[in-house]
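Engineer: Given next are the chains, with one letter for each unit.
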Amino acid sequence: MNSIEEIWENGNQEISEDKSLNESFIRDSISKTSISITSKLPKTIWFGVAASLGSSLAFIYNISFYSNNSSILATICFLLVLSITMVVFMLVQLRIIKNMDTKEYDLHKLLQYKIKYFNTRLKFTRYSVALSIVFVTFGINLTMENGDGIFELNKILLLSIIYVFAYLIMVYLQKFTHDIYLKQLRNALYNLKEDTLTSLDNELKKHRRIVKIIGIIIGIFFIAGIFLLLLNTKV
Amino acid sequence: MNNKNLEDIFVKEISDNNGIIHKVCNIYCNNSEEKKDLMQEITLQLWRSFSGFKQKSKFSTWMYKIALNTAITNIRKSKRNPIQEYISDKQDPPIEKEDIPDLDDELNSLHKAIAKLNEVEKGIILLYLEKKTYAEIGEITGLSEKNISVKIVRIKLKLKKLLT
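Heads up: the protein sequence lines correspond to chains A and B, in order. 3 is the number of the first residue of the first sequence in our numbering; add one for each residue after it. 793 is the number of the first residue of the second sequence in our numbering; add one for each residue after it.
With the rest of the complex left out, here is chain A:
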């Protein structure tokens, strides 16, 4: 039996005779849409950008209606700033994702970069997309339920619970899709350089701790906001 090097060498001639990758195939390929995982990410993010812009407009529209109601006005302004920040953040992410596959990184660097991105900024993007849907719904409710500067929705607590559930479902649906791909990347990095994955995991652990703290702060703001709305809701 020949050695693997000899078998390969003998087969090279046959492969070079394959004419399927010709000029028309190349020209056709470069005009097609990418089927890569990263090329699918922008669709969801663009949806989030549109929803955030929608909610921003709704909040701006409502500022004049609630100008005499300081607590609701403060909530609207806070949400408006958050919505605009989310739009900017998501647009930046779209740019990063667009250039992600054209980076001339070696495999080791690219795997680390992608794993880190999926565990950090893409995670925040996921939260932002889900939050943007909740915000746009809230913005519409706020517009429809205002009566002389009083928020007339008397089921704000129930609505808040629905919002939280909707938010979590959206976050987890996206997480489920991304996690399959992330697992593939982690496997590749493990097979390439096991110790890098271990040190990367330690680095990400620290990041998760920071995210948890931010999450708790946002949660406190959310609960405080609900109380403010409850106090200012016409029952």
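One or more of the hints may lead you astray.
Claimed, not checked - Only pairs whose alpha carbons sit at most 35 Å apart, straight line, appear in this in silico DSBU-like list of lysine-lysine: (1) A/K118 x A/K105; (2) B/K924 x A/K45; (3) B/K924 x B/K904; (4) B/K848 x B/K953; (5) B/K923 x A/K34; (6) B/K950 x A/K100; (7) B/K804 x B/K953; (8) B/K950 x A/K105; (9) A/K105 x B/K923; (10) B/K850 x A/K111.
I should point out that these hints are in silico values taken from the structure, not numbers from a laboratory.
For chain A, the structure is supplied; the task is to place chain B on it using the hints.
Structural biologist: Relative to chain A, chain B alone:
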């Protein structure tokens, strides 16, 4: 340089080196449909990166880098081509690779044995068989030369076992 000129240069360069794309796709795909998809995706990614090619490395090394990065990190593995688990007791049964038409039995057996390696091992053995130097393999994979030589010895042993 306008886009049309750049495209013409790109088409010529890729046509001259199309064997690289064929070999990467033969290694990473189990059937002709997957192969066509991967060939298109690699060509597209090469085109998108082409204007940024700084000629610091050989064109073929650059092509291998983009092609392998695309095959390993860009394409979601389908059920027909499952993710290789690194936890051994969770390992999926290996998928039988379709025969590549027109290739002789020995080469088809080698391709089937390579198909049983993990994604990274496939890339490294391809570069080794294509007579890339350790420095070039290091440039493509980001591994040290020492690490590469250890990996190649292990992969060759694995392949020998699979072929006997």
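Engineer: For the pair we were handed, B/K950 and A/K100, check the Cα-Cα distance against 35 Å.
Structural biologist: violated, 38 Å
Engineer: B/K804 and B/K953: Cα distance at most 35 Å?
Structural biologist: violated, 41 Å
Engineer: Keeping to a limit of 35 Å between CA atoms, is the pair of A/K105 and B/K923 held or broken?
Structural biologist: holds, 25 Å
Engineer: Hint check: B/K848 vs B/K953, CA-CA at most 35 Å. Holds or violated?
Structural biologist: Not OK: B/K848 and B/K953 at ~39 Å, beyond 35 Å, violated.
Engineer: Would the pair B/K850 and A/K111 pass a check requiring their Cα atoms to be no farther apart than 35 Å?
Structural biologist: Holds - the C-alpha atoms of A/K111 and B/K850 are around 19 Å apart, at most 35 Å.
Engineer: Taking only the CA atoms, is the gap from B/K923 to A/K34 under or equal to 35 Å?
Structural biologist: holds, 32 Å
Engineer: Between the alpha carbons of B/K950 and A/K105, is the straight-line distance 35 Å or under?
Structural biologist: holds, 32 Å
Engineer: Check the hint pairing B/K924 with A/K45 against an upper bound of 35 Å on the C-alpha distance.
Structural biologist: violated, 39 Å
Engineer: Regarding the pair B/K924 and B/K904, is the alpha-carbon distance no greater than 35 Å?
Structural biologist: holds, 22 Å
Engineer: Tell me if the straight-line CA distance from A/K118 to A/K105 falls inside 35 Å.
Structural biologist: holds, 15 Å
Going down the numbered hints, you'll see the structure goes against 2, 4, 6, 7, while the others check out.
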